[in-house]
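J.: Sequence:
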Amino acid sequence: MEDEIDIIIEGTKEAMGKALKHLEKELVNIRAGKASPSMVGSVMVDYYGSPTPLSQVANVSTPDGMTISIQPWEKQMIPEIERGIHLANIGFNPMNNGESVIINVPPLTEERRRELAKQAKAAAEEAKIGVRNDRKVANQDIKGLDISEDLKKSLEDDIQEMTDAHIKKIDEILAKKEKEIMTV
118 MEDEIDIIIE GTKEAMGKAL KHLEKELVNI RAGKASPSMV GSVMVDYYGS
168 PTPLSQVANV STPDGMTISI QPWEKQMIPE IERGIHLANI GFNPMNNGES
218 VIINVPPLTE ERRRELAKQA KAAAEEAKIG VRNDRKVANQ DIKGLDISED
268 LKKSLEDDIQ EMTDAHIKKI DEILAKKEKE IMTV
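Adding 117 to a residue's 1-based position in the sequence shown gives its number in the working numbering.
Derived from the structure by calculation, the hints contain no laboratory data.
Do not take every clue at face value.
To be verified - Pairs of lysine-lysine, BS3-like flavour, derived with a Cα cap of 30 Å:
#: 1; residue 1: 245; residue 2: 192
#: 2; residue 1: 270; residue 2: 151
#: 3; residue 1: 135; residue 2: 260
#: 4; residue 1: 253; residue 2: 151
#: 5; residue 1: 269; residue 2: 142
#: 6; residue 1: 296; residue 2: 235
#: 7; residue 1: 135; residue 2: 238
#: 8; residue 1: 130; residue 2: 270
#: 9; residue 1: 130; residue 2: 285
#: 10; residue 1: 293; residue 2: 151
#: 11; residue 1: 151; residue 2: 286
#: 12; residue 1: 235; residue 2: 260
#: 13; residue 1: 151; residue 2: 285
#: 14; residue 1: 260; residue 2: 270
#: 15; residue 1: 135; residue 2: 293
#: 16; residue 1: 235; residue 2: 130
Unchecked claim - Just the calculated beta-carbon pair ranges, DEER-fashion:
#: 17; residue 1: 270; residue 2: 210; range: 50 to 60 Å
#: 18; residue 1: 266; residue 2: 228; range: 31 to 41 Å
#: 19; residue 1: 131; residue 2: 163; range: 34 to 44 Å
#: 20; residue 1: 181; residue 2: 270; range: 38 to 48 Å
#: 21; residue 1: 289; residue 2: 263; range: 36 to 46 Å
Note that CB positions come from ideal geometry on N, CA and C, so glycine has one too.
All chains should be built: construct the whole structure from the sequences, respecting the hints.
T.: Below is the structure:
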């Protein structure tokens with residue numbers, strides 16, 4: 118019986134941790150004013166007929182805070198990279214100089230900052246929903262165990278504490294990202 122309880126607790130902790138990691142990954146894709154290679158991380162390029170992540174066909178760097186430079190390993194990939202950026206619909210207009218693709222990242226307007234903050238809030242809310250669903254699954258698993266009611270109640274309280282801690286961490290991550298987005 119102890120093993121089953123440990124499996125439920127550890128599984129729940131791991132699932133809630135994954136929700137946090139997913140949130141952090143989502144928030145990296147929301148830009149906060151300065152250029153970053155992760156801004157084009159979702160771009161897929163048609164590389165000889167197969168969709169390939171941009172990072173596998175080119176070197177992506179940021180020479181300054183407002184520019185993303187994409188240096189393809191093969192010059193004939195420049196039009197494909199530009200097409201991939203347009204198809205990714207990330208709001209950038211790529212330019213090429215025959216050697217590389219350059220993206221000028223415009224400064225964020227107040228309205229755009231608010232939109233990005235809303236996106237961050239929505240991602241955080243999804244993470245909270247995931248954590249709550251993990252709590253629900255754990256509580257159902259606990260109810261299915263053949264143990265005393267007092268032990269069930271104690272385990273449910275432990276799961277609730279874990280849930281509260283993860284939701285607090287999500288709120289902290291969101292507050293940090295919102296501050297980053299709204300800072301001019």
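J.: State for each hint whether it applies.
T.: Comparing the hints with the structure gives:
1. 245 / 192: violated (45 Å)
2. 270 / 151: violated (49 Å)
3. 135 / 260: holds (24 Å)
4. 253 / 151: violated (39 Å)
5. 269 / 142: violated (35 Å)
6. 296 / 235: holds (12 Å)
7. 135 / 238: Judged against 30 Å, a Cα distance of about 18 Å means the pair holds.
8. 130 / 270: Holds: residue 130 and residue 270 sit about 18 Å apart, inside 30 Å.
9. 130 / 285: Measuring from Cα to Cα gives roughly 14 Å; hence the hint holds.
10. 293 / 151: Holds - the C-alpha atoms of residue 151 and residue 293 are around 16 Å apart, at most 30 Å.
11. 151 / 286: holds (25 Å)
12. 235 / 260: violated (37 Å)
13. 151 / 285: Judged against 30 Å, a Cα distance of about 28 Å means the pair holds.
14. 260 / 270: holds (9 Å)
15. 135 / 293: Judged against 30 Å, a Cα distance of about 19 Å means the pair holds.
16. 235 / 130: holds (28 Å)
17. 270 / 210: 50 to 60 Å: holds (59 Å)
18. 266 / 228: 31 to 41 Å: Given a distance of about 54 Å, which is not inside 31 to 41 Å, the answer is violated.
19. 131 / 163: 34 to 44 Å: Holds: the Cβ-Cβ distance is about 37 Å, inside 34 to 44 Å.
20. 181 / 270: 38 to 48 Å: Once the Cβ atoms are compared, 58 Å apart, the range 38 to 48 Å for residue 270 and residue 181 is violated.
21. 289 / 263: 36 to 46 Å: holds (38 Å)
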